[in-house]
Amino acid sequence: MNGQSNEPLASSGNESVSESPVIEVAGLVKVFRDFWRRPKVRAVNGISLDVCSGEIFGLLGPNGSGKSTTIKSLLGLLSPTAGSVRVFGLSPRDVMTKRDIGYLPEESYLYRHLTARETLDFYGQLFGLDRYTRRKRIEELLEMVGLTESADRPVGEFSKGMARRVGLAQALINDPRLIVLDEPTSGLDPIGCRQVKDLMLTLCRGGKTILLTSHLLADVEDVCNRIAILYRGNIIAQGRVGDLLRESEKVRVTFSSLSTGQMEELLAAIRDKTGDTPDVDHPAMDLERFFLDVIARAHGERRDTDTGPRLPDYLKAH
Amino acid sequence: MKLSAIAFLVVRTAVRSRLLLCLVGFLIPVLVGLPLAVEGDGTAAGEIRVLLEYTLGLSLVILGVGALVFSCGAVAREIEERHIQLVVVKPVRTVEIWLGKWLGMLIVNAILLCIVGIAVYGGIRWALRSGHYDEAEHSSLKENLLTGRRQILPLPDDPTSEAVERLDQLTDGQSGLATTRREELFLTLKRHILAERATVAPGGSKTWVFPGSQSMGAERQVRLRFTLAPTVDRSLLAGAWHLGTASKTDAATVSMADALNGGNYIEVPQALCGSGEPLLVTYRNAEAGQTGTVVFDIGTGVELLVSESGFEANLLRSFLVLFFHLAALSALGLTAGCLFSSPVAGFLSAALVFVALMGHYVTLQSVVDTPTLHEEQIDGIERSRVSVFLEGVGERIVKKMEIVVEPVAGLNPLPPLADGRLVAWTFTGKALALLGLLYPAVFGAVGTWALWKRELALPGE
Numbered sequence: 050m051n052g053q054s055n056e057p058l059a060s061s062g063n064e065s066v067s068e069s070p071v072i073e074v075a076g077l078v079k080v081f082r083d084f085w086r087r088p089k090v091r092a093v094n095g096i097s098l099d100v101c102s103g104e105i106f107g108l109l110g111p112n113g114s115g116k117s118t119t120i121k122s123l124l125g126l127l128s129p130t131a132g133s134v135r136v137f138g139l140s141p142r143d144v145m146t147k148r149d150i151g152y153l154p155e156e157s158y159l160y161r162h163l164t165a166r167e168t169l170d171f172y173g174q175l176f177g178l179d180r181y182t183r184r185k186r187i188e189e190l191l192e193m194v195g196l197t198e199s200a201d202r203p204v205g206e207f208s209k210g211m212a213r214r215v216g217l218a219q220a221l222i223n224d225p226r227l228i229v230l231d232e233p234t235s236g237l238d239p240i241g242c243r244q245v246k247d248l249m250l251t252l253c254r255g256g257k258t259i260l261l262t263s264h265l266l267a268d269v270e271d272v273c274n275r276i277a278i279l280y281r282g283n284i285i286a287q288g289r290v291g292d293l294l295r296e297s298e299k300v301r302v303t304f305s306s307l308s309t310g311q312m313e314e315l316l317a318a319i320r321d322k323t324g325d326t327p328d329v330d331h332p333a334m335d336l337e338r339f340f341l342d343v344i345a346r347a348h349g350e351r352r353d354t355d356t357g358p359r360l361p362d363y364l365k366a367h
Numbered sequence: 538m539k540l541s542a543i544a545f546l547v548v549r550t551a552v553r554s555r556l557l558l559c560l561v562g563f564l565i566p567v568l569v570g571l572p573l574a575v576e577g578d579g580t581a582a583g584e585i586r587v588l589l590e591y592t593l594g595l596s597l598v599i600l601g602v603g604a605l606v607f608s609c610g611a612v613a614r615e616i617e618e619r620h621i622q623l624v625v626v627k628p629v630r631t632v633e634i635w636l637g638k639w640l641g642m643l644i645v646n647a648i649l650l651c652i653v654g655i656a657v658y659g660g661i662r663w664a665l666r667s668g669h670y671d672e673a674e675h676s677s678l679k680e681n682l683l684t685g686r687r688q689i690l691p692l693p694d695d696p697t698s699e700a701v702e703r704l705d706q707l708t709d710g711q712s713g714l715a716t717t718r719r720e721e722l723f724l725t726l727k728r729h730i731l732a733e734r735a736t737v738a739p740g741g742s743k744t745w746v747f748p749g750s751q752s753m754g755a756e757r758q759v760r761l762r763f764t765l766a767p768t769v770d771r772s773l774l775a776g777a778w779h780l781g782t783a784s785k786t787d788a789a790t791v792s793m794a795d796a797l798n799g800g801n802y803i804e805v806p807q808a809l810c811g812s813g814e815p816l817l818v819t820y821r822n823a824e825a826g827q828t829g830t831v832v833f834d835i836g837t838g839v840e841l842l843v844s845e846s847g848f849e850a851n852l853l854r855s856f857l858v859l860f861f862h863l864a865a866l867s868a869l870g871l872t873a874g875c876l877f878s879s880p881v882a883g884f885l886s887a888a889l890v891f892v893a894l895m896g897h898y899v900t901l902q903s904v905v906d907t908p909t910l911h912e913e914q915i916d917g918i919e920r921s922r923v924s925v926f927l928e929g930v931g932e933r934i935v936k937k938m939e940i941v942v943e944p945v946a947g948l949n950p951l952p953p954l955a956d957g958r959l960v961a962w963t964f965t966g967k968a969l970a971l972l973g974l975l976y977p978a979v980f981g982a983v984g985t986w987a988l989w990k991r992e993l994a995l996p997g998e
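If you read the sequences in order, they're chains A and B. The first sequence runs 50 to 367 under my numbering. The second sequence runs 538 to 998 under my numbering.
Bound-form chain A, shown alone (with noise of 0.2 Å):
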């Protein structure tokens, strides 16, 4: 995440994604019960999806429509009431099953009396990662997220974007082979955003699989091959990114620049031929690529010369 890379993000769709499945959930229905065992809500409600190897997965929705409770069933944080879940065609709560997760909660439950350095030496040796692959690994995280030079500050100190990046750091100490983020790039400014993605797509590119859930949706429709929108603990729909967001009724044709006079006679020949009026108008530049030109130019860097985010190189490996 030190690199920042102000380049489109790349395709979404991933040549990797094999058929296999890492998460397997049929029918999950979770019911919260109160105090005296009553159902008090049903935050899912039968629902069912499976993400395969390779594939960044998206859980959207509005807040309460049971995105958390999902990925918290998956993690063997909740017991479902009804269906099934499976990780690695194993139960979540199987502990061969955590060797190969990272997880990346909704808010960081980090250790305010830790340092950063210290944070990721305990989740490592939860891990059973040896001394020198944990020093080794460490450094690189550290500078991976950019905290190099605040490492040995408690987290308690840390902004919310700080915070963030180290529980980003901990869920991949483990070389995970499947990573749940929820809301990965809550707390984080445009830059750490734009970062937290590419470092997805380079993640994603390396054979590794990601479920993540965001309210941001610019976020999902940039880095995810595959998306279920969640409403009221079900699913209401659920595919390909491209598949559900194209309008194949609709053409759309970019040109650099026209004169009037062209502009004119293309609209004839277009009216001519299908009989519609199209519309025209000229593309803007979205917010966070302008935002992050304007960052750069102050930084004095070249678009051009940045290489995304430096990766571990253990995470690069498969």
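Simulated from the structure, these hints should not be mistaken for lab results. A couple of the hints might just be wrong.
Cut-off 25 Å, straight-line C-alpha distance, at most; resulting in silico cross-link-like pairs (SDA-like, lysine to any residue) [as the list claims (entries may be wrong)]:
(1) K990(B) with G95(A)
(2) K539(B) with D170(A)
(3) K185(A) with P628(B)
(4) K785(B) with Q758(B)
(5) K89(A) with R619(B)
For each label pair, taking beta carbons as the anchor points, the in silico distance ranges come out as [unchecked claim]:
(6) I565(B) with S133(A): 51 to 61 Å
(7) L558(B) with H264(A): 35 to 45 Å
(8) M145(A) with A970(B): 34 to 44 Å
(9) F84(A) with R630(B): 46 to 56 Å
(10) F84(A) with T708(B): 55 to 65 Å
(11) V90(A) with R920(B): 26 to 36 Å
Because the structure is a prediction, the values reported are computed rather than measured. C-beta atoms are modelled at their ideal positions from N, C-alpha and C, and glycine is treated no differently.
On the provided structure of chain A, position chain B as indicated by the hints.
Just chain B now, kept in the frame of chain A:
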């Protein structure tokens, strides 16, 4: 590696959250202020006893409360603050989480106990070197208090058969006496007989038989200690102690003069020790007019004390036992934290310890053994069914808790330590087995199961 990671996280949290500092802050007034504020009985032994019993006892209360509260929070607060979500999604078993937390608590407890131990031992050394004890006091302290002496009690004096005889005489012709009344009378008679047997009237005598033991070797100092019960009779006591064995009766005779209400010591001749023969100890009171009635303490009126250990070793074993107490309390707190939210866990575990100790106290006072309880009519007065029912429930709870508390209730090393008695390795081993292993294992099993079953990401958790 996982266990040590979790354990050191607990230690780091204790240090960086300033809990350790806070507990040390509470301990300083106790360790420094209490010995200065409490004067004791004015003797050198009294001053040392204040350090060993009151200072150490109060420090242990502070450490116990600290261990209970901190261990409750170690899991419950992690669940509430959701830190645990990032831990349980890692390849860590719930038993490893519980065990790692417990090991961390053990390290914290060990650090605090070391501080207390160094302060108490330093206080004793300072008191001994400060020069305000004369030579006699100094050597008395070393012989009687700053040592580890094994206690040998005389063979038990069973009052049952005499109590049965007296009961038959008393109830002759009263067949209508209720069973519970009869039982109550029997218990009272037993107590009376024991009190009578601890009393030696002028001109009378009493003999105690101590089991023969090779451990009373000739190289060890053996002393007879007798303790007189406080009485209203202030007359001077005069009598003689006769010590011997079956083959050497009256091998030694020691006159008793100026006996105190507390402990009094008589050296047992080395010739009588280590023979393996039972030791016979007889007290013959002088004739009326020369002496008063001698009343011995019923529990430990007469006992033999055999020097077996130095004070430092005794202190070390005592601290090991205290450490096991804290280990059990930490295990209880952790398990409560696995089951309930932090304030509820703290309150419940503290209440459980309090009720268990109170229940044990009630049992010691024999209230629940009083047979007339649960009768609907006592001395012709009708009692409400509700109070009889509640009495029954209370007794059942106390008796059930006593099953758990009774084995460990006697594992308090402070009274023997402050009395110069041996805190034996067997005693320490029993504390390790029960408080250091068995109870934590049971608590750990429950806590691990609760953590496994509990949904750790419920809304509002």
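Taking the hints in turn, this is what the structure says about them:
1. K990(B) with G95(A): At roughly 23 Å apart (the allowed maximum being 25 Å), G95(A) and K990(B) satisfy the hint.
2. K539(B) with D170(A): holds (11 Å)
3. K185(A) with P628(B): holds (21 Å)
4. K785(B) with Q758(B): Holds, because 20 Å separates the two Cα atoms, which is no more than 25 Å.
5. K89(A) with R619(B): holds (22 Å)
6. I565(B) with S133(A): 51 to 61 Å: holds (58 Å)
7. L558(B) with H264(A): 35 to 45 Å: holds (42 Å)
8. M145(A) with A970(B): 34 to 44 Å: holds (35 Å)
9. F84(A) with R630(B): 46 to 56 Å: Violated, at about 29 Å.
10. F84(A) with T708(B): 55 to 65 Å: holds (57 Å)
11. V90(A) with R920(B): 26 to 36 Å: Between V90(A) and R920(B), where Cβ atoms are some 51 Å apart, the hint is violated.
When the structure is compared with the earlier hints, violations turn up for hints 9, 11 and for no others.
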